[in-house]
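Place chain F on chain S using the hints.
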Amino acid sequence: MLAKRYRFYFSRDLPSCFISHLDMVRLFERSFRRLNIKLKFTEGFNPHPKITFILPMAVGLCSPEEMFEVDVEEDLDEKVVERLNLILPKGLKVLKIEEAIDKIQVSDMYYKCFIEAEEDFCKHFEEFMEKSPKIKREKDGKVTFRSVWDYLIGYECQKKEDNIELIFHIKVVNGSYIKPEDILKAFSEEYNIEYKIIRVEREKVNYQRVI
Amino acid sequence: MVVKDKLFKLLYSVEKPGRYIGNEINMVEKDPNKVDIRFAFCFPDIYEIGMSHLGLKILYHLLNKREDVYCERAFMPWIDMQEKMQKEGIKLFTLETFTTLDEFDIIGFSLSYEMSYTNVLKMIKLSGIPLESKNRPKGMPIVIAGGPCTYNPEPLWEFIDVFVIGEGEEVILEFVDLFKEYKFSEMSKEEFLLRCANIEGCYVPSFYEVKYNQDGTIKAIFPTTSQVPGKVKKRIIKDMDSVYFPTKMITPLIEVVHDRAVVEVFRGCGRGCRFCQAGVIYRPVRFRSMGKVIEYSKELIESTGCNELSLISLSTSDYPNIETLAKNILQFTEDKKVNISLPSLRLDSTSLELLKQIEKVRKPTLTFAPEAGTQKLRDVINKNIQEEDIYSTVKLAFERGFQNVKLYFMLGLPTETNEDIIGIYEIARNIRQIYSDLGLKKRVRITVSTSFFVPKPHTPFQWEPQDSIDEMKRKMKMLKEKLSKIKDVEYNWHDFYLSKLEAVLSRGDRRLSAVLKNALELGCQFDEWGEFFDFSKWQLAFEKANVDYKFYSDRRRDFDEILPWEMIDTGVSKEFLIKECKLAYEAKPTPSCFESCIGCGVATFKGGICVGKKV
Numbered sequence: 000m001l002a003k004r005y006r007f008y009f010s011r012d013l014p015s016c017f018i019s020h021l022d023m024v025r026l027f028e029r030s031f032r033r034l035n036i037k038l039k040f041t042e043g044f045n046p047h048p049k050i051t052f053i054l055p056m057a058v059g060l061c062s063p064e065e066m067f068e069v070d071v072e073e074d075l076d077e078k079v080v081e082r083l084n085l086i087l088p089k090g091l092k093v094l095k096i097e098e099a100i101d102k103i104q105v106s107d108m109y110y111k112c113f114i115e116a117e118e119d120f121c122k123h124f125e126e127f128m129e130k131s132p133k134i135k136r137e138k139d140g141k142v143t144f145r146s147v148w149d150y151l152i153g154y155e156c157q158k159k160e161d162n163i164e165l166i167f168h169i170k171v172v173n174g175s176y177i178k179p180e181d182i183l184k185a186f187s188e189e190y191n192i193e194y195k196i197i198r199v200e201r202e203k204v205n206y207q208r209v210i
Numbered sequence: 000m001v002v003k004d005k006l007f008k009l010l011y012s013v014e015k016p017g018r019y020i021g022n023e024i025n026m027v028e029k030d031p032n033k034v035d036i037r038f039a040f041c042f043p044d045i046y047e048i049g050m051s052h053l054g055l056k057i058l059y060h061l062l063n064k065r066e067d068v069y070c071e072r073a074f075m076p077w078i079d080m081q082e083k084m085q086k087e088g089i090k091l092f093t094l095e096t097f098t099t100l101d102e103f104d105i106i107g108f109s110l111s112y113e114m115s116y117t118n119v120l121k122m123i124k125l126s127g128i129p130l131e132s133k134n135r136p137k138g139m140p141i142v143i144a145g146g147p148c149t150y151n152p153e154p155l156w157e158f159i160d161v162f163v164i165g166e167g168e169e170v171i172l173e174f175v176d177l178f179k180e181y182k183f184s185e186m187s188k189e190e191f192l193l194r195c196a197n198i199e200g201c202y203v204p205s206f207y208e209v210k211y212n213q214d215g216t217i218k219a220i221f222p223t224t225s226q227v228p229g230k231v232k233k234r235i236i237k238d239m240d241s242v243y244f245p246t247k248m249i250t251p252l253i254e255v256v257h258d259r260a261v262v263e264v265f266r267g268c269g270r271g272c273r274f275c276q277a278g279v280i281y282r283p284v285r286f287r288s289m290g291k292v293i294e295y296s297k298e299l300i301e302s303t304g305c306n307e308l309s310l311i312s313l314s315t316s317d318y319p320n321i322e323t324l325a326k327n328i329l330q331f332t333e334d335k336k337v338n339i340s341l342p343s344l345r346l347d348s349t350s351l352e353l354l355k356q357i358e359k360v361r362k363p364t365l366t367f368a369p370e371a372g373t374q375k376l377r378d379v380i381n382k383n384i385q386e387e388d389i390y391s392t393v394k395l396a397f398e399r400g401f402q403n404v405k406l407y408f409m410l411g412l413p414t415e416t417n418e419d420i421i422g423i424y425e426i427a428r429n430i431r432q433i434y435s436d437l438g439l440k441k442r443v444r445i446t447v448s449t450s451f452f453v454p455k456p457h458t459p460f461q462w463e464p465q466d467s468i469d470e471m472k473r474k475m476k477m478l479k480e481k482l483s484k485i486k487d488v489e490y491n492w493h494d495f496y497l498s499k500l501e502a503v504l505s506r507g508d509r510r511l512s513a514v515l516k517n518a519l520e521l522g523c524q525f526d527e528w529g530e531f532f533d534f535s536k537w538q539l540a541f542e543k544a545n546v547d548y549k550f551y552s553d554r555r556r557d558f559d560e561i562l563p564w565e566m567i568d569t570g571v572s573k574e575f576l577i578k579e580c581k582l583a584y585e586a587k588p589t590p591s592c593f594e595s596c597i598g599c600g601v602a603t604f605k606g607g608i609c610v611g612k613k614v
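Protein chains in written order, with numbering that gives the first Met the number 0: chain S, 0 to 210; chain F, 0 to 614.
Bound-form chain S, shown alone:
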């Protein structure tokens, strides 16, 4: 039969948030195999399933709702949600599935970071953010700089009990985006201020249909 593409929406939290993107792909491939669900594999010498995370998840990232698409050689219904949840490790939960009849992409997203740092962290951070900061990026030996405000719609920094809570509203530009951890790192390097990440959440992801 012709393969069907499904979207799997899932949440990720402790402790499963500490695995890498590739581990996630492998974990879902294995889970589908355990359930005897026939995935569509690529042709060729080294066949692999077509599992595509619309946004790869960094190690440590938690989220109430993320999504991947997978090509399957059979019809799936809602029952698969429960079957998967019975075998997935703690911290991962499938929320719903839908057939992918259109193409979507991410337009923007909200991150929330909890960090441990000095009392006046926010003051310095706000100062840093006003100076049109840049993020250094090294890839294949080449160094490029990206302007934070090209990707950032807004942010908040406030002290909450023992921790500092940062919220970033980030937009995706031509398929690329910046991560809050990179902004924090750039700040820490320039201001020589230390901090410790306690938790990073991608609170909400907004999609748009591609025409």
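Any given hint could turn out to be false.
Claimed, not checked - Derived DSS-like pairs: lysine-lysine, alpha-carbon spacing no greater than 30 Å straight-line:
#1 S/LYS49 <-> S/LYS102
#2 F/LYS86 <-> S/LYS159
#3 F/LYS83 <-> S/LYS159
#4 F/LYS3 <-> S/LYS92
#5 F/LYS326 <-> F/LYS291
#6 F/LYS486 <-> S/LYS37
Stated by the list, open to error - Residues on chain F that point at chain S, a partial pick, calculated with CB under 7 Å:
#7 LYS8
#8 LEU10
#9 PRO136
#10 ILE253
#11 VAL255
#12 VAL256
Keep in mind that the hints were calculated from the coordinates and are not lab data.
For clarity, every value in this text was computed on a predicted model and none was experimentally measured.
All C-beta atoms in this analysis are idealised placements derived from N, C-alpha and C, irrespective of residue type, glycine included.
This is chain F only, laid out in the frame that chain S set:
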């Protein structure tokens, strides 16, 4: 719970935090308050290595099958994590319940390689309990160890309460039963250990004493009480079909070294290579029936979802009807897109055909382990591999599109001459020539790797000296120089000092426990990982303990010298080892167990092919 909370705050600032979270597929969950015995299974290396180890998984599930036991796992944390743990005051913990090791009843180490000894000590230290057995009274964990290294347990004698010699599936349950009696009674630790020493396969070093001669050799090894046996006989599983095998096997969430489902097709090896310790200690060969292998393979794929199934043994080509087995397994793996791998396959035209059928996903690399460069030296070591077979297989493989050839050799084998070393070069050159003659367009890569011969206890070469470091260097340079003349050949050699230290620890005696303590204090750990290995620290550790390491590595021993491991009985007789050693010097091969019984002595165990049991 405190440990878990503290730990999870550290995970954003360490490398590969997935090592420390547990939570894997098929991990066993129990209420620790509802069991009688808490067992911490420890692997003295990082998670990715430990979780590639089949023995750990077998014993983990075997122990957890019992309702009265909860077996959890602990691995050596990487340096960055160790630093953070120390800063936060977190002791070494298990991945199931994040309980610190000092709260366990039993801590069990798996000893797979000597270079992990400092990690064993470090893990005990990180657990917050005293290093030495004698300083751990009743109420503190009992520390036990098993695995191939226990065939010479002596360098660790001070730290380990009980060594389990041989295969663990039966003896570990007997040990646990006894422990339960000990825990819930007034039995003293002394009494408990005494009773342990009477379980077959358990060696309790505190009941044995060693006396030395003036020249440093051993004068006598004897039990200090008549209540323990003079020799400790290894344990084996007689029947591979009735022994427990976990088919709902724990499967890591992060990528580990061997990331696959594994079924052991047989135990033991009948080849009798004279340098090989595994070939002696795992004797006799015991096959698992084809029906069982197929059944377990099916169940493992269902329970783990792995996309690779590995059929393992010490020499998989020796499994009768391996082709039929592979075909049967292919019937259900192909559809599920599961790849089969057969490590330890002797390569020839038949096995190449087999590989072609089953290993569809593999990168086309051919691996040969001739171990020695000339037929004469291969006869010395009893490695039954003919150069002509290598060449014909290589030719066939090149024609089929293989582009990578890997060759493994050993330098420093007994009787080795320069000619034998040049022989290694010649094999590489001939293979390169075969490639040129075929006129193929693609590039070829030939990798030659050499390790240095490490004489191992219980082998026919246990009396042999190891080359000095200068001699190792000379041989390596000579070979390097020669090989550099061949196009497309890459040469790798094993670290001289690591090989030296391995030789010292393998054949060491009780005096090395002081050296290990010094090494720990000097910061030695992860010695197997080249980046942390520092031989100068070890030299200092030897000096401080007044030990000349060359006494253990570079010296030829007499056949009548008492060896430190003589209280351990592998079933293979000393007479047989001496006979084999002499045959080596005459360059006379010995047939394999599959051809005829060679009378090594292990038949007394009445197992496997010794009693004519086939698949």
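Now for the hints, and whether the structure bears them out:
no.: 1; hint: S/LYS49 <-> S/LYS102; verdict: holds (15 Å)
no.: 2; hint: F/LYS86 <-> S/LYS159; verdict: holds (25 Å)
no.: 3; hint: F/LYS83 <-> S/LYS159; verdict: holds (25 Å)
no.: 4; hint: F/LYS3 <-> S/LYS92; verdict: holds (21 Å)
no.: 5; hint: F/LYS326 <-> F/LYS291; verdict: holds (15 Å)
no.: 6; hint: F/LYS486 <-> S/LYS37; verdict: violated (46 Å)
no.: 7; hint: LYS8; verdict: holds (6 Å)
no.: 8; hint: LEU10; verdict: holds (6 Å)
no.: 9; hint: PRO136; verdict: violated (36 Å)
no.: 10; hint: ILE253; verdict: holds (5 Å)
no.: 11; hint: VAL255; verdict: violated (11 Å)
no.: 12; hint: VAL256; verdict: violated (15 Å)
Taken one by one, the earlier hints fail for this structure at numbers 6, 9, 11 and 12, listed in ascending order.
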